[in-house]
Amino acid sequence: MAAMAACAETDPAHPRIVRDAGIVIRTGHGQGAGNADQRSRSMTLRRRVSLALLFGSVFLAGMLVFAPASLMGYALTRASGGTLSLAQTTGSLWHGSGVALLKSKSRRQTLGNYRWKLNLLDASMHVQTNDSAPMIVRYIPFSNRVNIDTLHVTLPASALELIVPQLGPYQLQGMFEAHSEHLELDASGLNGQVTVDWARAASGLSEIRPLGDYRIVLNGNGNAVDAQLSTLSGKLLLNGTGSFDPRNGMQLNGTAQAAPGAAAAELNELLHHIGPEISPGIYTLALMPQAAAR
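Residues 1306 to 1599 (the numbering used here) are what the sequence shown spells out, left to right.
Among the hints, a few may not be true.
[Said to hold, decoys possible] Computed spacing ranges between beta-carbons, pair by pair: (1) G1566 x A1428: 50 to 58 angstroms; (2) R1520 x Q1433: 23 to 31 angstroms; (3) S1437 x E1574: 35 to 43 angstroms.
Derived from the structure by calculation, the hints contain no laboratory data. C-beta: ideal position from N, C-alpha, C; glycine also.
Let the hints inform the model, and build the full structure from the sequences given.
This is how it looks when you write it as structure tokens:
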């Protein structure tokens, strides 16, 4: 019996009972049980954290997948400083449509309905209006640049008054069609060439409609955009050169005159509105620098 007692005292597999002053103290298994409880609590905590992270990831993924198209309008407004926005958006952030708006302090101009498809794999977005070929907008993260390929935009001539307020008194009419093979936009400005055709041009200052067809070639060199105006056809001949920059807006210097054989009397009032006569039948076409509307 003594041997068994001694064995029990030294064998950790058996709890040791100490009797002292009527108090029974059990030792041996208590420490192991405590460690097991701690391990169980630790595993439970890790499991809860893992589940929380899993559910959070699923929730965020769902939010992104089903993000509304209105977020594209918010991004466009932020990127353009409030000049551009989207209305009547439908679909999702990834594949949606909306009506583009050009805004100034006093008015807004509808630019047409646009559809887009966003692709995160190559950081690109395909933008299309009507039946035209899609424009490809691609963000280049390392150079903080946006590339635009196959640009094609059609908008009413009256929209130009919001960008170049000096043109407001002329009440421009007709349609602008802008196209470009490749453009680059970065913090310095625009790089590349854009050709703008002004079809069936007219003015609220003349009853002659149309006055003609014109072409404006824009060459962006970063900080400023140079412009070349020429006449394709029509009764009113316009020619000139100019430039545009965000600080001063648009400035233009050129000439205006009636085409040979055209009734100069019909254009006389409009030509005097355009500028002073510098030689017989030739009038100054000029736009002075002025900050663009915002």
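So which hints don't hold here, by number, going up? Those not satisfied: there are none.
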